[in-house]
Each structure stands twice: as C-alpha cells, then as structure tokens.
Amino acid sequence: MNKLKLPLILGIILGVSTIFGAETFVVKVRSSALRSGPQFFASTVIALKAGDGLLLVSRQADWIQAKTSVGQTGWIHQSAVEPKKIDILAWGKGTKTQATASEVAMAAKGFNKQVEDSYKAKNKNISFVWVDKMAQIAVTRADLQAFLKEGKLAASGGSK
Amino acid sequence: MKARSPLSLSLAVLVSGLLLASCATLQKGQELLTKENLSKVEKVATVIRNTFADITEEEEYYIGRSVAALILSRYEVYNNEPLNRYVNVVGNTVAAFSSRPEIFGGYHFLVLDSAEINAMAAPGGFIFITRGLLKECKDEEMLAAVLAHEVGHVASKHGLQSIKKSRLVDAFKLLGTEVAKKYTPAELSQLMAVFEGALGDIAGSLIERGYDRKFEYDADGLSVKFGLATGYNPQGLSDFLKNLEAREAKDKGLGWFKTHPAPKDRLAKVAKLVSGQKTLPVRDKVRLTRFKQNFKG
Chain V
1 MNKLKLPLIL
11 GIILGVSTIF
21 GAETFVVKVR
31 SSALRSGPQF
41 FASTVIALKA
51 GDGLLLVSRQ
61 ADWIQAKTSV
71 GQTGWIHQSA
81 VEPKKIDILA
91 WGKGTKTQAT
101 ASEVAMAAKG
111 FNKQVEDSYK
121 AKNKNISFVW
131 VDKMAQIAVT
141 RADLQAFLKE
151 GKLAASGGSK
Chain H
1 MKARSPLSLS
11 LAVLVSGLLL
21 ASCATLQKGQ
31 ELLTKENLSK
41 VEKVATVIRN
51 TFADITEEEE
61 YYIGRSVAAL
71 ILSRYEVYNN
81 EPLNRYVNVV
91 GNTVAAFSSR
101 PEIFGGYHFL
111 VLDSAEINAM
121 AAPGGFIFIT
131 RGLLKECKDE
141 EMLAAVLAHE
151 VGHVASKHGL
161 QSIKKSRLVD
171 AFKLLGTEVA
181 KKYTPAELSQ
191 LMAVFEGALG
201 DIAGSLIERG
211 YDRKFEYDAD
221 GLSVKFGLAT
231 GYNPQGLSDF
241 LKNLEAREAK
251 DKGLGWFKTH
261 PAPKDRLAKV
271 AKLVSGQKTL
281 PVRDKVRLTR
291 FKQNFKG
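Residue numbers (this note's numbering), protein chains in the order written: chain V, 1 to 160; chain H, 1 to 297.
Because the hints were derived from the structure by calculation, they are not lab data.
For glycine and all other residues, C-beta sits at the position ideal for the given N, C-alpha and C.
One or more hints might be untrue.
[To be verified] Pairs of lysine to any residue, SDA-like flavour, derived with a Cα cap of 25 Å:
{"no.": "1", "chain 1": "H", "residue 1": "K278", "chain 2": "V", "residue 2": "D62"}
{"no.": "2", "chain 1": "H", "residue 1": "K165", "chain 2": "V", "residue 2": "S118"}
{"no.": "3", "chain 1": "H", "residue 1": "K214", "chain 2": "H", "residue 2": "N243"}
[What the hints assert, rightly or not] Simulated restraints on C-beta separations:
{"no.": "4", "chain 1": "H", "residue 1": "A115", "chain 2": "V", "residue 2": "E23", "range": "45 to 55 Å"}
{"no.": "5", "chain 1": "H", "residue 1": "E208", "chain 2": "V", "residue 2": "A22", "range": "41 to 51 Å"}
{"no.": "6", "chain 1": "V", "residue 1": "A22", "chain 2": "H", "residue 2": "A53", "range": "19 to 29 Å"}
{"no.": "7", "chain 1": "H", "residue 1": "K278", "chain 2": "V", "residue 2": "A22", "range": "19 to 29 Å"}
{"no.": "8", "chain 1": "V", "residue 1": "T73", "chain 2": "H", "residue 2": "L280", "range": "33 to 43 Å"}
{"no.": "9", "chain 1": "H", "residue 1": "E248", "chain 2": "V", "residue 2": "L56", "range": "45 to 55 Å"}
{"no.": "10", "chain 1": "H", "residue 1": "R283", "chain 2": "V", "residue 2": "Q114", "range": "44 to 54 Å"}
{"no.": "11", "chain 1": "V", "residue 1": "Q136", "chain 2": "H", "residue 2": "K296", "range": "16 to 26 Å"}
{"no.": "12", "chain 1": "H", "residue 1": "E76", "chain 2": "V", "residue 2": "Q136", "range": "13 to 23 Å"}
{"no.": "13", "chain 1": "V", "residue 1": "R30", "chain 2": "H", "residue 2": "S275", "range": "32 to 42 Å"}
Take these sequences, add in the hints, and give me the full structure.
In structure tokens:
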C-alpha cells in the first residue's frame, strides 16, 4: 500500500502545481479584444482593456488562444499581452483579476501623465495640440477591411 | 473499495492542504500591497527593470507623445484632412500585418508641411512623413513601403534603444525606489531631468544623427516583410529608393539623406530580399487610382 501511495501523492502534487503554474497573461495595451480566430479580422468575442487577465489555452504562431476569468475563449496577438502571474483562484469575479503589488506600484509610477503634465508646465513652448489631434485619428477595423478589399490586398487575416 | 477509502481520504486531505497552502501564499502575495512590504516589491521592480525592453507600453506611449511634440516644434503640420486620413489608413493597414500590431495607443500618422524628404517614427506609434517625401512616392506601393519602414522602427523599439543606457539606469533607479503614489515636486524634478534627457536622446537620433545604420537596414527588411504580408509588391520600396537616389546629389546632408544610409546601399540589400521571393503580389491599378485621387492638389 505504501508503495502505491508515493507515486499517487507525487502525481497529485504535480497536478496541483500544474494548476498553479498555469501560463497567464495581462493585457498591456489600452484596449484590445479576444477574437474568434487567430486573425485581426476575425470577429470580436469580448473587448479587453489594459490589466485584464488571461489564461493560456494554446498558441499558434504569433497568436495566443486564451480564456478570460468568466470562461470566454478567443484569440489575441502576442503583442497585446505580457506574461504575468495571476491569482487564478480569484477568477470568476470578473475579467479584471486582482492586481499584484508590483502591478499597482508600476501603474502609479513610471513616465506617465503626471510626468507629461510636468514636462508641459516646464516647456510651455512645446505644444501638444497636434499630438492630441493625432492620437484621436481613429481607423476602425471595418475601415481597414474595406480598404483591403477595394485595393485587392490581403482579403483577411493580418497579424493583428 | 474499503481499502481505497483511507487512501482517498488522505489524498483529499493532502489536496486540500496544498490548496490552502497555495491560497495562503497568494493571499500573502496580496498582502504585499501593505505599506510595510511595498518597498520590498519596488526593490524587486528595480532589479527587474534594466534595459529599454523593460520600459512599459504606457511609458513608451508617454515618451512617444513628448518626442512627437518635440518634432512638431520643429515642423509645421500639413493640415489636409483627406490626405492625412489616407496616410493613416495605409499606415494602419501595414501595421495590422506587422510583428507588433497592438501597441498601447495604436499607430497614428501625420503629414508635415516641409519640402525636406523625411519621415520619423517616435516611440508609441507616432509617425511623421513630410510632403517632400510624399512627392517621391508615385503610387500606393511606394507610400506603403515607406510607412511600413517606419512601423518597423516602432515594432523594433528603435527609438527607445536610442536612450543612453546610463540614463535608463538613472530612470529605473528613480522609478523603482519611490513608493506607489503621486510624485512629490522634488521627485518630479529629478524624474523630469531624466525624462528630458531621454527625449533628447531619441529626438537627436530621429532628427539629427539618425539611428545606427543596422536599424535602417532592419527597418527596410521589415518593410518588405510587412508589405508582402499585406499584399503590397515590395518593388515599391526599390522604386522609392531609386527616386531618392536621383535626388541624392541635390539634397545631400538634408532630412533622410542625413539620417539614413545611402540609397544605393539600401537598394542593394532590398533587391536581395525581393529576389528571394518566389512570387510577388500584382501591383493592381486600383491602388494607383485611389492614390492619385488622394494626392490631388
């Protein structure tokens, strides 16, 4: 009996550690989406925002198939996420997972809006008017699709 | 069955124990948010952040905004909405087929009202192209090739790599030792000096010195790659470089000629890449037509 117990116990330890060693990611861009396929032009499963947590399901080239905390599965380009350990036990309480201490620390720090505001105050001759206008120029996915189609370019797909 | 029961029970106890232990560990992780332990976390963060690659997406965005503002302090904007719209659509199209389609605030393009032949990509996806350079683009293929070259600089974070290493060390030291709160005036003052230094490093590369020549050849390679993925014929880049070559004697030492390798050296490398392709996309007339429509006036 003792001979039987040891491999079983080791197996369970391995299984549990696999659960806790699950590969998880956090969205690092302001807004993104899980898509129904590994292409930019695939339909949106769910919109995501910076800080949302995802659990790896599978990989395909530059794309990651991932699951949200509420169980929705879809694809996201690897440029939109970064590997980060997430408290998966807190899942089921919404897409946004509990931020780790370092995430909170980094979010409040760094070169951020406060630094930009201070730079503006110090350099009044540097105008941000056109930077703001530029940042507001929006090209939608539908615009791109129509443009590709009209120009007889790649009909679908895209890294994004 | 009876024999298994004690084993099942012991395993259940073991699993529960492990789960509880893991919960406790994770709970402890959350407790790191308390003031007492925050400094430890930040020390870890300091250790982790060493190179340009450790600059966060959001930081890159804010650095890019200020670099863009610096560029715009040297150039006028060509305020032509349909043209800027067209450039943004072409640029975002090649960006969608790039190696880095998703960035913090997305890719944005703006035409500068300058006869100088130039294009500059600030970090965070703020990309500028002069009227002078647009004049050398005779069809959408050439425009897409130039914009894909600039997207390549952003995708490879070439701008961020222009920041001096010593400055990054100073920045991460400052950013990593302060507690998670708004900066005090004294902290901001220190941080501002580093920030302005970093902006100077990047703007200096973009406007004055140019990047390391290797980065320019890399960006040409990425232009061919992203363009092909989109469905553009990479001959567009070769044709554009030939146009540049013809202008070289006249514009030597200005704009792109000052900050980029000689067109003939770039042409040779691009020709190699193009000749390695088994099939090339058709250069469809419909793209030339819409290019001309958008370039009216």
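Now for the hints, and whether the structure bears them out:
no.: 1; hint: H:K278 <-> V:D62; result: 23 Å, holds
no.: 2; hint: H:K165 <-> V:S118; result: 23 Å, holds
no.: 3; hint: H:K214 <-> H:N243; result: 22 Å, holds
no.: 4; hint: H:A115 <-> V:E23: 45 to 55 Å; result: 52 Å, holds
no.: 5; hint: H:E208 <-> V:A22: 41 to 51 Å; result: 48 Å, holds
no.: 6; hint: V:A22 <-> H:A53: 19 to 29 Å; result: 25 Å, holds
no.: 7; hint: H:K278 <-> V:A22: 19 to 29 Å; result: 41 Å, violated
no.: 8; hint: V:T73 <-> H:L280: 33 to 43 Å; result: 38 Å, holds
no.: 9; hint: H:E248 <-> V:L56: 45 to 55 Å; result: 50 Å, holds
no.: 10; hint: H:R283 <-> V:Q114: 44 to 54 Å; result: 49 Å, holds
no.: 11; hint: V:Q136 <-> H:K296: 16 to 26 Å; result: 25 Å, holds
no.: 12; hint: H:E76 <-> V:Q136: 13 to 23 Å; result: 19 Å, holds
no.: 13; hint: V:R30 <-> H:S275: 32 to 42 Å; result: 41 Å, holds
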